[in-house]
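Q: Numbering of the sequence shown is given in the numbering used here, commencing with residue 1 and proceeding in unit increments.
Treat the hints as calculated values from the structure; they're not laboratory data. Here the structure is a predicted model, which means the values were calculated and not measured. Beta carbons: idealized from backbone N, C-alpha and C, even for Gly. Please note that a few of the clues may not be correct.
[Stated by the list, open to error] With a straight-line Cα cutoff of 30 Å, these simulated DSSO-like cross-link-like pairs (lysine-lysine) come out: (1) Lys277 / Lys26; (2) Lys264 / Lys222; (3) Lys220 / Lys112.
[As the list claims (entries may be wrong)] Each pair of labels, with its calculated beta carbon distance range: (4) Ile83 / Leu6: 19 to 29 Å; (5) Ala200 / Leu34: 44 to 54 Å; (6) Ala200 / Leu71: 44 to 54 Å; (7) Leu217 / Ser78: 39 to 49 Å; (8) Leu6 / Ile268: 14 to 24 Å; (9) Asn86 / Pro138: 35 to 45 Å; (10) Asp85 / Phe275: 19 to 29 Å; (11) Leu211 / Ser58: 16 to 26 Å; (12) Val243 / Leu6: 36 to 46 Å; (13) Leu9 / Arg196: 51 to 61 Å; (14) Leu121 / Pro279: 32 to 42 Å; (15) Leu79 / Leu121: 49 to 59 Å; (16) Leu272 / Leu121: 22 to 32 Å; (17) Lys26 / Phe239: 17 to 27 Å.
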Amino acid sequence: MAYSLLTVLEKNNRDFESFSEEVIFKFSLVLLVLDGSTGWGLDIFMRIICALMLAFGSFSKNKILWLLISLLLLFFNSLQFYIIDNHKVLFVYWVLLITFYLWTDKDLYYLKSNSKILIGLVMLFAVTQKIINGFGSPGFLHGRFLFDSRFMLVTHFIIDTPYEVLANNTNSISILKLIPRDHSFVSLTSTPFMGRILYAFQLFGLVFEGLVAAFFLFSKKKSNAKDILLLIFCIGTYFIFPVIGFSSILLILGIAQSSKEMRKYYIITFILIQFIKVPWQQIIFYLNNSL
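Produce the complete structure using the sequences and hints provided.
A: Right, dumping it as structure tokens:
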């Protein structure tokens, strides 16, 4: 039985037609291993099967296995569609594109053009959603930077507030959420300077995100400008806002549509982005208090 199944799978293996195609498939498998699905049951299966596809390179472009991955992602993620992270939905689209590419024998331009469109649409939808939700109004980020533990290091450098004060802000907000009372409030330590600099950051980020969307959706020339803008956006945004899943899928889409010249910069950035998981705040806090 197992031997027959292996034989069927081997018959559906495909050789890579170019190094570009191999990079696209293998980096997509890497992301599936790292952060491909939702729920521990599917996670375990996904990591095992994708790790094996990477280990045995002849299966990396297997039509049956990619179809199976697509169906499983569609089924399990659709069960939690309203609560899963946005980047997981985006990654499902990308895996479906790869599967469709394999089963219709399209050329590599299909993946390149669609990844470019996906990046543009994602950035456009992000800008639209932020405008609707009032991201352009002052104070949208201000409170978040005062009590969200992910931004303590940045806040400390902006207003030179001791870590102990910021930690107390975080604890106070946590207590307020656990024991909500009418007319209850928490006073957070801040400065007018911080409010101004974060508002400027909001507006700049909104304009820059819109610029990236415009370049990817409407730029017809084979220019590296769009790639440079996306790389700057990923480095400048996700080292402050440590959302590793979304940044990783954006960079893989960038790899898929980029020229040979720009591909290496996407790969380097993909590697660097993984370091946002390092607890820099705890390390710096420890060093400051131990030296």
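Q: Each hint should be assessed against the structure and marked as holding or not.
A: Hint by hint, here is what the structure shows:
1. Lys277 / Lys26: holds, 22 Å
2. Lys264 / Lys222: holds, 17 Å
3. Lys220 / Lys112: Holds. Lysine 220 to lysine 112 sits at ~13 Å (cutoff 30 Å).
4. Ile83 / Leu6: 19 to 29 Å: Given a distance of about 37 Å, which is not inside 19 to 29 Å, the answer is violated.
5. Ala200 / Leu34: 44 to 54 Å: violated, 34 Å
6. Ala200 / Leu71: 44 to 54 Å: Given range 44 to 54 Å: holds, Cβ gap about 46 Å.
7. Leu217 / Ser78: 39 to 49 Å: violated, 27 Å
8. Leu6 / Ile268: 14 to 24 Å: Because 37 Å falls outside the window, the suggested range is violated.
9. Asn86 / Pro138: 35 to 45 Å: violated, 25 Å
10. Asp85 / Phe275: 19 to 29 Å: Since aspartate 85 and phenylalanine 275 have Cβ atoms about 20 Å apart, the given range 19 to 29 Å holds.
11. Leu211 / Ser58: 16 to 26 Å: violated, 42 Å
12. Val243 / Leu6: 36 to 46 Å: holds, 39 Å
13. Leu9 / Arg196: 51 to 61 Å: About 59 Å separates the Cβ atoms of leucine 9 and arginine 196, which means 51 to 61 Å holds.
14. Leu121 / Pro279: 32 to 42 Å: About 34 Å separates the Cβ atoms of leucine 121 and proline 279, which means 32 to 42 Å holds.
15. Leu79 / Leu121: 49 to 59 Å: About 24 Å separates the Cβ atoms of leucine 79 and leucine 121, which means 49 to 59 Å is violated.
16. Leu272 / Leu121: 22 to 32 Å: holds, 25 Å
17. Lys26 / Phe239: 17 to 27 Å: holds, 25 Å
Violated hints, listed in ascending order, are 4, 5, 7, 8, 9, 11, 15; each of the other numbered hints is respected by the structure.
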